[in-house]
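J.: The chain contents come next:
There are 2 protein chains.
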Amino acid sequence: MKGVYALTEEIKKEDVKEEEVVETTEEVVEETNQPSELEEAQARAEEFENKYLRAHAEMQNIQRRANEERQLLQRYRSQDLAKAILPSLDNLERALAVEGLTDDVKKGLEMVQESLIHALKEEGIEEIAADGEFDHNYHMAIQTVPADDEHPADTIAQVFQKGYKLHDRILRPAMVVVYN
Amino acid sequence: MKGVYALTEEIKKEDVKEEEVVETTEEVVEETNQPSELEEAQARAEEFENKYLRAHAEMQNIQRRANEERQLLQRYRSQDLAKAILPSLDNLERALAVEGLTDDVKKGLEMVQESLIHALKEEGIEEIAADGEFDHNYHMAIQTVPADDEHPADTIAQVFQKGYKLHDRILRPAMVVVYN
Chain A
1 MKGVYALTEE IKKEDVKEEE VVETTEEVVE ETNQPSELEE AQARAEEFEN
51 KYLRAHAEMQ NIQRRANEER QLLQRYRSQD LAKAILPSLD NLERALAVEG
101 LTDDVKKGLE MVQESLIHAL KEEGIEEIAA DGEFDHNYHM AIQTVPADDE
151 HPADTIAQVF QKGYKLHDRI LRPAMVVVYN
Chain B
1 MKGVYALTEE IKKEDVKEEE VVETTEEVVE ETNQPSELEE AQARAEEFEN
51 KYLRAHAEMQ NIQRRANEER QLLQRYRSQD LAKAILPSLD NLERALAVEG
101 LTDDVKKGLE MVQESLIHAL KEEGIEEIAA DGEFDHNYHM AIQTVPADDE
151 HPADTIAQVF QKGYKLHDRI LRPAMVVVYN
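Protein chains in written order, with UniProt numbering: chain A, 1 to 180; chain B, 1 to 180.
Hint data in this document are derived by calculation from the structure and do not stem from the laboratory. Heads up, some of the hints might be wrong.
Which copy is meant is left open, so a pair is good if it fits within one copy or across any two.
Simulated crosslink set (DSS-like; lysine-lysine; CA at most 25 Å straight-line) [claimed, not checked]:
1) Lys121 / Lys106
2) Lys51 / Lys83
3) Lys107 / Lys51
4) Lys106 / Lys51
5) Lys165 / Lys121
6) Lys165 / Lys83
7) Lys51 / Lys121
8) Lys83 / Lys162
9) Lys107 / Lys121
10) Lys51 / Lys165
11) Lys162 / Lys107
12) Lys51 / Lys162
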């Protein structure tokens with residue numbers, strides 16, 4: 001913004017300068033419709049000064065936009081791969097829920113699950129909390145059950161599928177059952 | 001590059017124009033050390049034209065660099081998360097190698113493995129081939145075994161740990177045993 005501001009200031013100054021240019025000799029009167037060499041040079045100087053100031057301001061804007069874009073790209077760079085990995089996490093959970101797993105297998109599965117969750121967390125991806133109040137920004141209600149004295153309305157009764165977010169961005173909402 | 005080229009051309013033209021400016025009256029002789037109003041305006045015009053052309057060329061360079069950087073960031077955006085996920089794939093393989101898995105568990109593990117490999121592949125991450133000639137760009141030799149008639153030197157005998165690449169970039173080399 002500073003660049004654009006400075007540009008406006010400079011243009012104002014230019015306008016003032018031009019007004020100060022006054023013809024001083026009588027001979028030039030007959031040539032008023034044809035600009036003198038001096039007037040042409042002055043007009044050219046002004047034109048390029050304005051062009052330069054605009055290019056300079058635009059350059060700063062381009063630089064600023066490029067920086068903002070780079071920061072966004074960096075911050076959300078893992079979004080696509082993370083989204084693609086969520087089904088593997090779901091599959092892992094389903095595998096862990098199978099009855100009659102031996103301790104070895106269970107331990108192996110849990111190790112894979114932990115290392116996946118750890119990898120995601122390192123890149124800013126975390127499970128969305130879904131154990132209190134229902135929030136339509138984070139949760140998707142797929143079913144409702146009647147509220148009662150112990151379970152007030154608009155609280156979460158059950159999580160059908162976990163939700164995940166990358167920093168402040170939702171990768172997918174948690175699918176929940178809500179008291180109503 | 002076109003912008004910089006155009007700039008050089010313009011500056012050449014400017015130089016020529018300046019040489020054409022010749023004093024035509026005798027009265028000005030005594031003022032030679034003090035530039036006339038016209039000369040000042042011409043110098044200013046030239047100065048700002050050059051400044052403008054340089055700013056314009058620089059603007060194009062900034063834009064080009066920003067585009068190149070954005071493309072690189074896009075292309076390798078999944079690098080960090082992918083690297084962090086590789087140990088989970090290793091753990092999965094170890095879990096699948098355990099003796100006496102039931103068919104259900106095996107199927108579940110394979111499903112997780114397939115979905116992970118699929119997710120990585122969608123983002124450009126693939127296993128490094130390690131079944132032929134040894135290539136130090138892709139493979140790391142951790143052990144050697146004697147070559148013989150059927151196994152020529154510098155071919156891979158065994159893969160200890162799979163390697164992975166993201167497009168053309170190595171995430172980690174394959175750890176291999178090499179015939180020597």
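J.: Now tell me if each hint is right for this structure.
T.: Against the structure, the hints:
no.: 1; hint: Lys121 / Lys106; result: within (22 Å within a copy, 27 Å between copies)
no.: 2; hint: Lys51 / Lys83; result: neither (47 Å within a copy, 48 Å between copies)
no.: 3; hint: Lys107 / Lys51; result: neither (69 Å within a copy, 68 Å between copies)
no.: 4; hint: Lys106 / Lys51; result: neither (70 Å within a copy, 70 Å between copies)
no.: 5; hint: Lys165 / Lys121; result: both (10 Å within a copy, 22 Å between copies)
no.: 6; hint: Lys165 / Lys83; result: both (9 Å within a copy, 20 Å between copies)
no.: 7; hint: Lys51 / Lys121; result: neither (49 Å within a copy, 49 Å between copies)
no.: 8; hint: Lys83 / Lys162; result: both (13 Å within a copy, 24 Å between copies)
no.: 9; hint: Lys107 / Lys121; result: within (21 Å within a copy, 27 Å between copies)
no.: 10; hint: Lys51 / Lys165; result: neither (46 Å within a copy, 48 Å between copies)
no.: 11; hint: Lys162 / Lys107; result: both (22 Å within a copy, 23 Å between copies)
no.: 12; hint: Lys51 / Lys162; result: neither (56 Å within a copy, 58 Å between copies)
In this structure, the hints that do not hold are numbers 2, 3, 4, 7, 10, 12, in rising order.
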